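Asks: Here is what each chain is made of, one letter per residue.
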Amino acid sequence: MKVSLSWIRDYVNLPADMDLKQLAYDLTMSTVEVEDVEYLARRFDNMAVGVLEAVEPHPNADKLRVCRVALGQGRCEDIVCGGVNLREGMRVAVACPGAVVRWHGEGEPVTIKASKLRGVASWGMICASDEIGLGDLFPAAGEGEILDLSEFDAPAGTPLAQALDLDDVLLEIDNKSMTNRPDLWGHYGIAREIAALYDLPLAAIEPYTAETGADFQVEIQDPQRCARYIGVAMDGVAVKPAPYWMRSRIWKAGMRPINALVDITNYVMLATGNPTHAFDADNITGHIVVRRARDGEELTLLNGENLSLCGDDLVITDSEGPVALAGVMGGAKDSILPTTQRVILEVANFESMGIRRTSQRYDTRTEASARYEKAVDPERCEQALALAMRYFHQLYPALDVTGLCDRYVTPLKRAEIDVNLTWLAKRLGKDLPREVIRGKLELLGFDVAMEGDNMHVTAPTWRSTGDISIKDDVMEEVARLYGYDRFEATSFTTTFTGAINQLDQNLLRSIKEYLALRCGMQEVYTYPWMNDVYVNAVLGGTDGVLRLSTPPAPDLSCIRSSLLPNLCEAVAKNERYFSEFAIFEEAQVFFDRNYTAPYDPAESLPEQRRHIAAALACTGADVTALFRRAKGVLEAMPRYTHMEGFSFRKEQRPAWADGAAWLNVYCGEEKIGDLGLLAKKVSLDCGIKNLAVMLFELDATRLRPFASRTNRFTHLAEYPETDYDISMLFDAATSWTEIYDAVMGKKASALLKDAAFVDEYRGRQIPAGKKSVTIRLTIGSGEKTLTSQEIETAAGQVMKKLEKKLGAALRTQ
Amino acid sequence: MKDQINDILAQARAKIAAAASEGELQNVKSAYVGKQGSLSLLMKEMAKLDPAQRPEMGKLLNQAKAAITAQIDEKRLALKLKASEVPADFDCSVPGILPAGGGLHPITQMCYDLNDAFRSMGFEIFAEDDITSELYAFDKLNFPPNHPARESMDTYWLAGHDSGPTNEKLCLRPHLTGGSVRYMQTHKPPYRFVYPGRVYRNETTDAHHERAFFQYEALIVDKDITFTSGKVMIKSILSKVFGTDVPVRMRSGFFPFVEPGFEIDMQCQVCGGKGCSVCKHVGWIEVMPGGSPHPNVLRAAGLDPDEYTGFYVNIGLDRLVMMRYGVDDVRLFHSADLRFLKQFR
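Protein chains in written order, with the numbering used here: chain L, 1 to 813; chain V, 1001 to 1345.
The reader is advised that the hints may include incorrect statements.
[To be verified] If you anchor each label on the Cβ, the simulated ranges turn out as follows:
id	chain 1	residue 1	chain 2	residue 2	range
1	V	Ser-1277	L	Arg-486	40 to 48 Å
2	V	Gly-1302	L	Asn-180	21 to 29 Å
3	L	Tyr-198	V	Ser-1239	43 to 51 Å
4	L	Ala-238	V	Arg-1299	55 to 63 Å
5	V	Asn-1146	L	Glu-580	33 to 41 Å
6	V	Glu-1203	L	Glu-108	56 to 64 Å
7	V	Ser-1021	L	Arg-709	49 to 57 Å
8	V	Asp-1073	L	Trp-736	55 to 63 Å
9	L	Asn-536	V	Thr-1244	13 to 21 Å
Hints were generated in silico from the structure; no laboratory data involved.
Source: prediction; values computed, not measured.
For glycine and all other residues, C-beta sits at the position ideal for the given N, C-alpha and C.
With the hints as constraints, model all of the structure from the sequences given.
Replies: What follows is the structure, given as structure tokens:
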């Protein structure tokens, strides 16, 4: 909302030297956010009133004229201009060198410089209204029409802003910051707040007291939806321009002046915040009735739109049917026409929620509906009526009020609240003197009565439509008017009942730090919705997948039941720039099943789990190394993050996995995730061109953190232990697990301490159907240093056992 | 002969000093003290001397030999200490081999920094589900029944769960505050916890608007809290994020779930409060809403608002991280683009 400071000064006498920065700051801190303070005159810097002394033809152009322009104090300049309405003696707006204009009101701002036009020197520019941003205030009748300022009596050379009374300051107030303050949606409301902030007197709007014509009636059939309706029937009006002061204020507030009849209603709304409306009385038949619409009833709005109404809409009707959509927009039939001579003025109060529903239903938001939606108080109708009638009489001296009917069917009840003063002091953290509290509240229009420890507060009418309803609201009023800056920060005291030990939170963080910092993987975030392409490719279907009813895009309606589709998408995206990388994500996944009420029995929430998933990608054919790297990340994870260990089984192939390279991950007897190579077909469906991708996904909600670290100490070996590598040929189908179990199961030698996998080789020099496996044996004794003979004997015993149990053979070179 | 000895000694000393390698040193040794060395030759000439002079000359010769030998040993040790395994032109400016390059998402990093700060003040960390009901997204938070935020153009409702009574309507949570109510319902006061998490809004995205973003909520509820305690929480957050004490101000603001409500501004860190394009020339930047939980919210959590009150803040972490690092497009956070993420280690 734009607020004109000169308009505010009508109601509150601000000191002439008021620091406007401070005013904006104080309003922002205590009331509403002032987003911008604009010195309007700056838009018209280097612009002045000029008088055309001579208008001569241009020697080289038919459509241009060379004007001799008087600029005051004897100064005259030649300006070339193509205006179609130039005439000698005309007063014009001159953009002098340095002024900023827009050619024909369009495009980027341009700074005026003295120059030559078709060979003739031109000092500045004679402006059309839209070229200096005044198109709405002075609409041009046609193309090429120059702004004619002859109606203003400013002498040549007067700065333009001064001549047009635009030397004003505009405050731009963030509408969002006052949605809860219906009283502020007009200049008078803002003035009232400023008066309270600075303890300045506020000018009263004297009520309108006039005869009530008896033969004009208003009937309200729905007192819930319409608390009050004042109708005034008037003769002796005509459509003409409003006076300049009224037009310029409407323009400053961001609206377009139309004609005096419409402008009065808009001006009153901008002043009081109470919308008003004028009907052409000649098109109203009978009396005004405010009622609910009938289902299917038709109404053509002012903007030409045809509505088929419903029973929830409130309408203004005459004896023939609806004439306006109450509080939203007038109808076409009864709108002000050039011929209008009699009007009916509406000053009314409508219930906020109903207005909101109707304006949403027809997608029609207007200045009026925006205000009614905030819950305007019905007492304000009196101010709106008083101002409106003041201007009708002022603009139409021959005005004849033929009827006035004020139906106030649901009187406003002022909010009354008891506030305990001890409570107030405790919540404020400051024991303010009672007189300070009373003073601040009274400045805001509250009535205050104190008795003992109790303060009985009665809110003013303009704050009693829901805004002020509980004692916390009263506390806020005291605190903001006293000034939030004046409350010092107070530290809070803590009672520690023990260290905070959140095992689940700690585990999740340990895992992410392990993956990022130790395993060299990069954490990524993706959206909770998945693209259908990746859902189908990776998950192989949408069974059990929840969907959004209004997704960001038609193909993004599935929300994730697995982190893998989005990780595959991330791999495809990054393949353009990187040939080797590893990424992981931790986020929630959702399933359309197992609905439970974990918090509140009234709810039924779907199954939601926290997953951790990763993708390791590289080019090149060494899939074994990639597989082992991914598996190693999982194998070492429990140890580094202090949770119960994992085991691997091969029971159920994940839909996305390669035919052979995959494992299920178990924690105890519970399956907690999968690990595997992304199948080539899936990879291609995901748009991954060259990278081999290993994936794993764990259900973090099934991981079991240890209560404390569980490392174990073993004594350091007293005598040296020796690593001894053996390479043997096995059947290609023999697994490492079988080999390890054979070596370590029932040990062939008491000196054997451990066995480890070194590598596996197939290919040249190895017979078909065989593979060579190198095993590192750790051999040692707790009693003595072994001789090489003893070591070799122990190794030999192991090899013999492997020969016997698994049919292994020594590898001959 | 005495002069000859002194000459030899001086020559040998100069040569030892000039020797640059073990080999050169060996040459010097044989030239002076070796079997055919000049001192050895002089030794042989002793026989020709007057016997009276022999003891003195012999002593001088031995001293000279010992001095040269000692100096050679000393030099040898010095040469050993300077010896190198690599060519003299070994290039030490070659870059090092970096450890495996991984990292946490910049928002996770910021979130963990904040968690550490709040834990040091005795706050718990709370986490809760992303899908919630309208009951907890809006009703329990004192949102009026017709509040615009409830509409589908603002909130992601789930298909098949997007109509009916509010306890049956399900959505991706539009903010974290409903979860705070759940925490309060399931724990005993006093409360002191932080609640980081992702929230979702049905919006048109651009460089400054996202559909999924990260919030960080902090709540304290006790019997003797005033809204001024909130300033301590706010300052803790901002000084952790920006590394310096950031001036903040609280001003009047309106949110359904707090009373009183505040908009919390921090001094613009780009211009230091002087005014610049980032802060729209006001010197302050709006960073978070805050306030005391509305009595209706406390009631929804099963508390008596006459007894308990508190302070709440809710920070958009994305925006703070953007400001901290000068990131100019919020959509980068959910892009999974490693070119972006690798910059934050």
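Asks: It remains to establish, for every hint, whether it holds in the given structure.
Replies: Right, here's what the structure says about each hint:
{"no.": "1", "hint": "V:Ser-1277 - L:Arg-486: 40 to 48 Å", "in the structure": "31 Å, violated"}
{"no.": "2", "hint": "V:Gly-1302 - L:Asn-180: 21 to 29 Å", "in the structure": "26 Å, holds"}
{"no.": "3", "hint": "L:Tyr-198 - V:Ser-1239: 43 to 51 Å", "in the structure": "35 Å, violated"}
{"no.": "4", "hint": "L:Ala-238 - V:Arg-1299: 55 to 63 Å", "in the structure": "59 Å, holds"}
{"no.": "5", "hint": "V:Asn-1146 - L:Glu-580: 33 to 41 Å", "in the structure": "54 Å, violated"}
{"no.": "6", "hint": "V:Glu-1203 - L:Glu-108: 56 to 64 Å", "in the structure": "30 Å, violated"}
{"no.": "7", "hint": "V:Ser-1021 - L:Arg-709: 49 to 57 Å", "in the structure": "56 Å, holds"}
{"no.": "8", "hint": "V:Asp-1073 - L:Trp-736: 55 to 63 Å", "in the structure": "59 Å, holds"}
{"no.": "9", "hint": "L:Asn-536 - V:Thr-1244: 13 to 21 Å", "in the structure": "50 Å, violated"}
Figure legend: structure checked against the earlier numbered hints; hints not met, in rising order: 1, 3, 5, 6 and 9.
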